[in-house]
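Peer 1: Residue numbers (our numbering), protein chains in the order written: chain G, 1 to 330; chain V, 1001 to 1446.
Rather than coming from a laboratory, the hints here were simulated on the basis of the structure.
Zero decoy hints are in this set.
Within a straight-line C-alpha distance of at most 30 Å, the following computed DSBU-like cross-link-like pairs (lysine-lysine) qualify: (1) V:K1320 with G:K156; (2) G:K89 with V:K1320; (3) G:K105 with V:K1030; (4) G:K156 with V:K1030; (5) V:K1441 with G:K74; (6) V:K1031 with G:K150; (7) G:K105 with V:K1443.
If you want a taste of the chain G side facing chain V, the calculated C-beta under 10 Å gives, among others: (8) P91; (9) A92; (10) P93; (11) V97; (12) F99; (13) W109; (14) S117; (15) T118; (16) A120; (17) N123.
Just so you know, these numbers come straight off a predicted model, no measurement behind them.
Backbone N, C-alpha and C fix where the C-beta goes; we use that ideal spot for every residue, glycine too.
Take a look at the letters that make up each chain.
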Amino acid sequence: MMPDFDQQGAAQTKEWVPETNAPAILLENVSKSYGRIFALSNITLALNGGVTGILGMNGAGKSTLFNLLMGKLKVSQGTIKLFGTDPWKNPAPYARVGFVPEHEKMYDWMTAHGFVSTFARLNGLTRDEAGIEADRVLEFVGLTDVAHKKIGQFSKGMRQRVKIAHALVNDPELIILDEPLQGCDPLARTTIMNVIRELGKMGRTVLVSSHILQEIERITEQIVILHHGRLLALGNLHSIRERLDQIPHRISIQADNPKALAKDVIDIDEVFGISFPDGENLSIQTHNLGAIHAQLPRIIVENNHKVTTIDNPDDDLASILGYLTSGGRV
Amino acid sequence: MATKPDSIYRSLDRKAAAIVEFTLRQYRTKKSTWVVLGVGFTALSLIFMIYIDVMSSEFESIDNDGDSYDYDNDGYPTGQEVKLGTDPFNFESHPGLFDPPIEPEPASMYINEDGFDWDITTKIGDQSVGYDDDGDCLNVNRTDSQKDTNGNGIPCDIVVSFISTQSQLGDRIVIDVDADNGVDEDPDEDAYSREAIHLAFILSIGKLGFVLLLGIFLPLFLATGLVRDEMTSGTMHFMLAKPIARSEIFLYRVIGYLGIVWPYVILLGILGGLVSGFVGSGDSFFRFADLGVWLAIVFATMMATLVYGMLFNALGVLWKYGIILAIPFAAWELGMALLSMGAPDSTLLRFSIIGWALMIVDAAAMMVWPNLDMFIAMGDWGGGGDGGTIFGSSLQGSAPLNFFSSKPGLGLSPFVATIISTLVLLLQAAVFWFLGSVLFKGKEIQ
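With the hints as constraints, model all of the structure from the sequences given.
Peer 2: Here's what the structure looks like:
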């Protein structure tokens, strides 16, 4: 709180009360710079309810955004509000927030239950309440069996789940997960995705970051794309994809006889170009990815082609970012 | 769904308990904790062992007045010849020529035969003490003026004057000793030195071993990383994502650190009290009186670890290599500790932490051993060694005792000095907490 230099009028003794109508997250023209380098520039964003994926390459500003939200960094310009309160000045809104940091380092000497319950007590729970809550959230992330084992013995996926459990222990309205799927095995990945989807169904506001499009796609359709610190796209993944449909896509097919396959594929209306990068591969250019994928299997089966792989090399974050940043031109 | 807290200032006790408990458990898992505590214990144990060794050895008895010698080789020690009126420097004159002849007495009878008979309290002015145990002053053959060389009208006594002087370093009391020849001139070195070294040991290990060494090195290694280590390793994120103010995290971490340091200091203090109580000089089985000083030593060390803990924790927040910033402070405090031994009234000491902490020890020593000044003056005088006889000298132990003991500054009574220095130390801790919190609050954490 800033001192009142004017010293006029009655003293202000305002206690923090949550603003009931404030959105969970509100950013207005937020910039964060380190010297002359902008980690985030001019982000305006309001989020309330549902699962939102934050997509961006490494260094796009995802973690900076989260650290600003969690009051670890101070904004260079603009205002940032968490439930209507500036998190840099007041940690009170964290009573309604759960945060899963990206950092791998954890307290390896603690048991999962000890870790979750100790940090639950920082929300003001008693020791007994914290123990009960820890049991509840550890069951929610499927770690009941190993709750009393040391975190140091856990696999990467289990550690991520402990972190998620720790963030859920205060039953938060807003959950922020920084790269929760990074380095996880497929099983842990599925569990974590289910947990996040479940939280969304429970009406919580969930923010999850990733640099892999397919991961986010499996969790949510509402995405925010960050690139070089700027907000590139915001909205439904399908609508973003539809925009992408206006621009050419490539489908790469590895087959025994690419030339014979090409002859059959050229009949599809949506195909507007074919090329042969090498002897075994066929590359198809199209504006309508969905139509090709609908017809391709039939053509292959009917004409008895031997196909090893079908790949959409463009269908990843890097190429989406490429399209978005180059204004639709390839 | 549980009701949400309206403010972060809710359930502070629960949050505090959680962080304190967490900090204690974290210390327990760190090897460095055990190394630091182990080294501290070993260092102090070594000093205790040296003390036990010194106390079990015999201090050589010296014939301060030289009356055990037989200068004329007639077989009779000088003391006996003087007592019986024969000439100690004449071979032809000795008690063996008496009728009936008197057997020579062993020379050892004339060593340590006239000890201190001082029974006074510290007050400004002249006081008459002493008693001529061996009768060499009260000898009937001597004239009244020979018996009263200090000229105060009382034959065979010692005048002890407490003189209040003013100097740059403040008011001091100087003790002047003026004895009639032959009074208390051959004290028992073993008894005096044993007592003096015992007292000097308690003060030196208390001031240097406890308040300085433990008081600075425990916080240096245990408190500097309280917040910094978490920031460096990235685990601070877990704590900062909770509805709790950073200044509270700072404070509760320090309380957790005190949770391990204070019991440790108390245990070492009990060990010191037991060792000095059983091994120290004295007729009784255990010296209970010194426990008051040990209590003050433990208390002063606890206060020092609190203030340094806050300071070093703040330095750790300030810079990644806060321990380097802490070293100049430690050096300054070492200098101040030595200064407080020599010039306890120096104004510079008011700008240190250790000056105030040592004042607590000095005040307690003054309360528990009210005659310490006189005891030191007694040993310095050492039977009149500075009065001109070639045999006398200051007794062993009085010099170190003089060095390690000092008056609590400010010219206050010991009780008031203890209270004031405690308040000042608490204020210092509060200031460092505030500074550390401000630094921590303004810190961006990646």
